[in-house]
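K.L.:
Let the hints inform the model, and build the full structure from the sequences given.
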Amino acid sequence: AVSVVDPDNPGLIAYRYQLTGSQPAIWLGYEQALLINERRTSLPALNVFDHQDAWASLSVERNRILFPAADIGTLQTNPLFRFSTPVVRFVDSISPHITQDSFSLDGLPVPKASLDDYLEVFFAALGAGSNGTTVQIGMEGRYSYDVAGPGVVARTVLPAALLLPVATSLNSPPDFTGAFSQAIDRWRLAERVTTSGNARVDLTLRAFSADDPAQLALGAVASDNQPPLLSIETLWVSATKVPPEQGGL
1 AVSVVDPDNP GLIAYRYQLT GSQPAIWLGY EQALLINERR TSLPALNVFD
51 HQDAWASLSV ERNRILFPAA DIGTLQTNPL FRFSTPVVRF VDSISPHITQ
101 DSFSLDGLPV PKASLDDYLE VFFAALGAGS NGTTVQIGME GRYSYDVAGP
151 GVVARTVLPA ALLLPVATSL NSPPDFTGAF SQAIDRWRLA ERVTTSGNAR
201 VDLTLRAFSA DDPAQLALGA VASDNQPPLL SIETLWVSAT KVPPEQGGL
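full-length UniProt numbering puts the sequence shown at residues 1 to 249.
FYI, nobody ran anything at the bench for these hints, they're computed from the structure.
Treat the hints with care, since some could be wrong.
The following label-pair restraints were derived from C-beta to C-beta distances [claimed, not checked]:
#1 41 to 175: 32 to 40 Å
#2 248 to 56: 42 to 50 Å
#3 234 to 190: 22 to 30 Å
#4 191 to 56: 46 to 54 Å
#5 171 to 206: 18 to 26 Å
#6 39 to 206: 25 to 33 Å
#7 240 to 171: 27 to 35 Å
#8 83 to 43: 24 to 32 Å
#9 73 to 233: 46 to 54 Å
#10 149 to 16: 57 to 65 Å
Glycine included, each C-beta is placed from N, C-alpha and C at the ideal position.
P.N.:
Below, the structure is given as structure tokens:
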């Protein structure tokens, strides 16, 4: 796709489509485009924490380009002959929701470390490239192990800790990782849980949009229904890699 910028309004961009590898360029014609039912817009490498939502809108303009494509950018149609429909958009913004069923922390380069150390490395990678936008993060902590061979019966899963969503910036590892990790370590020590049966510390992580502090300072009402941006159902690390004693208890 090649952008076509209107000299009168550079904020409005249209696109024309070139056949990949064609020399000279072969452009997608209108009649051909009508035969393609699917329209897809992608934003590669978009940081969903920094850009948490977007509006999708559509308008149809006639007579915008009444000259050969080669003259686009140098010629323009007289505004008196250009007609446009009103802009139509969804009633609410669109928010991305990235989902991951399972993610292992075992492969992170954190030798002889505590659960908190693993979480700090994980969140540092998760927030890499972020400009400091605030999000809300909630987590659940569980302990699981096999009582029989893998796949024979379902794993035993025990609840260990719960973190209600808290607002945090991802520029640096969140402040809550230490207290949350120690709550799980303290539970493991108190319950004297086994490390056999492929025992693991299982976490569920959910990141939500957060209210803009600048807007709140201007009197905006805080929302209690923020959409999720990221969900990892099982973020896990082997229990033998994070003995609770290494958590500073």
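K.L.:
Hints first: check each against the structure and report whether it holds.
P.N.:
Against the structure, the hints:
no.	hint	in the structure
1	41 to 175: 32 to 40 Å	holds (37 Å)
2	248 to 56: 42 to 50 Å	holds (48 Å)
3	234 to 190: 22 to 30 Å	holds (23 Å)
4	191 to 56: 46 to 54 Å	holds (49 Å)
5	171 to 206: 18 to 26 Å	holds (20 Å)
6	39 to 206: 25 to 33 Å	holds (31 Å)
7	240 to 171: 27 to 35 Å	holds (32 Å)
8	83 to 43: 24 to 32 Å	holds (30 Å)
9	73 to 233: 46 to 54 Å	holds (49 Å)
10	149 to 16: 57 to 65 Å	holds (60 Å)
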